Amino acid sequence: MNEIPISRERTSVAINKNQSLILSFLSMFCIFALLAAISNGSYPISLFSILKGGEDSIQKTIIIDIRLPRVLLSCFVGASLGICGAVLQGLFRNPLADPGLIGVSAGAALGAAIAIVILPPGLSESLTGQLLLPISGILGALIVIVLLFSVTKGFGGHSTTYLLLMGVAINAIVGVLIGVLTYISTNTELRTLTFWTMGSFSGATWTLLLPASVAIMSSIGLLIPTAKNLNLIQLGEIEAYRLGVNVQKLKTRIIVCCAICIGVSVALSGIIGFIGLVVPHIARLLGGVSHKYLLPSASLLGAGIMISADLISRIIIEPMELPVGLITSAIGSPFFLWLIFRMRKHDY
Amino acid sequence: MTIKSHGISLLINGEKIISHLDLEIIPGEITAILGPNGAGKSTALKILAGDIQPSYGDVKYNNINLSEISIVERARLRSVMSQSQTVAFDFTTLEIIEMGWIHENNESYSFSYSDALEEIINICDLHSLLLRRFNTLSGGEQKRVNFARILLQLWIPKTDNYSRYLLLDEPFTNLDIFHELKMLKIIKSYLSKNIGILIVLHDLNVARKLADNVTLMRDGRTIRQGPTDEVFQEDLLSKTFNTCVKVNDTSPKITFF
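Chains as they are written, first to last, in the working numbering: chain A, 3 to 350; chain B, 11 to 267.
Since the hints were derived computationally from the structure, they do not count as laboratory data.
Only pairs whose alpha carbons sit at most 35 Å apart, straight line, appear in this in silico DSBU-like list of lysine-lysine: (1) B/K219 - B/K70; (2) A/K253 - A/K230; (3) B/K195 - A/K230; (4) A/K253 - B/K26.
This structure is a prediction, so every number in the text was calculated from the model and none was measured.
Can you build the whole structure from these sequences, using the hints too?
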């Protein structure tokens with residue numbers, strides 16, 4: 003029994019030392035961001051005073067009812083957008099496949115918005131009504147991914163361009179529809195247009211956070227084991243099949259898991275751009291392109307960055323709050339430009 | 011124990027790409043497919059690999075219909091080398107070779123992983139390329155790396171010895187003479203490992219040196235099939251390739267005009 007750990011190290015294509023070092027650094031970054039985000043805000047609370055068993059009931063309420071669900075939601079949404087970006091880029095074999103850019107998030111937003119408008123106001127207050135939101139978000143995301151797949155298939159070598167053009171079109175159409183919905187609807191639940199376009203974690207509650215975290219964590223748990231097969235897909239679908247990958251099964255699994263992650267994330271926090279694009283690329287620059295390393299690192303980095311971005315959005319112009327999407331886009335859009343220039347040089 | 015195709019035809023949009031093709035890959039033997047451009051050689055190889063479903067006829071691995079063999083099992087039985095290989099993202103050469111290791115979930119093989127990898131890298135002499143980015147390699151170097159990957163896919167420990175098959179689509183293009191000769195040697199050495207080889211070739215001289223059996227194709231049809239010396243007749247080759255071909259008994263054995 004003693005020998006197994008040693009031999010197992012040599013049994014399979016595992017991540018290397020450098021990569022596991024980066025993974026532990028990213029975990030630390032995540033935990034640090036989590037603690038910082040819980041204790042800071044418009045009302046700073048020292049973590050030590052809580053650990054000592056703070057007697058202040060206002061502090062307790064702020065931490066448990068307001069800040070903790072908010073920070074946890076940003077953590078789950080960041081992780082889900084990070085890993086979905088990595089997985090979709092892998093599946094489409096396309097470095098620009100970001101859930102926001104290619105319209106998947108927009109599809110989820112439209113699904114959720116339609117659910118709000120259709121549901122009778124009484125129902126939307128109840129738990130079932132609230133749960134229907136993420137479910138219709140999942141459906142919206144699913145429809146867009148399947149649509150993108152079937153449309154870009156026929157374009158062969160030009161699929162990168164067409165994927166992005168499709169994304170532009172879908173984003174524009176959804177923008178119009180959500181805009182119309184928010185103006186004609188009297189339902190206060192439909193929130194504001196900025197919620198859907200810029201995102202926000204301010205509405206986080208425990209009732210929705212619990213099912214959302216279960217859905218997101220189990221999807222991430224199902225995505226991480228696809229790493230080996232995602233690596234093989236980079237050789238092309240035919241080569242992956244020759245190496246024993248059931249490509250159709252892999253696609254279905256990834257598409258469904260991504261739709262769940264993105265659908266739930268968008269329904270709860272709106273469209274937050276560029277995390278899915280930037281995070282996997284930073285992770286690749288840090289430690290390489292193998293999905294065995296990339297998938298866990300993209301989830302950790304996504305969670306850490308999202309928690310930090312939300313913290314910045316809360317404290318930068320106290321006591322006001324910036325939409326979190328503004329922060330992520332401010333970091334992400336220059337990065338997007340840099341990627342395009344880099345692609346031109348490499349001629350993907 | 012063979013890979014056998016029986017009477018396969020392939021229709022695409024009503025056009026016959028392959029018609030009534032019989033092929034056989036036998037462990038310990040090399041079968042070559044020869045023919046002019048567009049004869050359907052690569053398509054035939056893809057049908058045998060299971061990439062494409064034939065419109066008529068069937069493909070059998072070890073007497074079992076291909077459709078009844080799982081995708082994972084097929085990968086254990088045969089590996090395929092394409093004419094060219096593109097890879098999305100900057101994988102290192104080592105990572106590309108490692109992709110050929112399909113026994114990750116197989117307990118009895120998994121302990122041999124580093125031995126297998128080392129053996130293949132030694133055979134193919136790829137030490138100097140291992141940490142380079144695959145996409146920055148030259149066409150010939152990429153070919154050598156892919157060759158190593160498909161050899162790793164068929165690697166089994168010495169205690170095990172079931173029949174396996176290598177399907178190679180023009181493996182020597184882009185290779186310099188040194189590496190071509192080297193790959194030829196490796197291919198021949200694999201015949202003794204209970205491996206059967208199908209090879210699509212353009213170089214008639216190489217084919218005559220290498221192959222035990224030859225299938226001559228043109229326009230999706232079989233022109234002639236049989237032992238190499240029987241197929242290598244001047245009039246047959248000249249007609250098939252639309253070129254005057256002379257078969258000599260001295261070196262070089264085949265000359266063109």
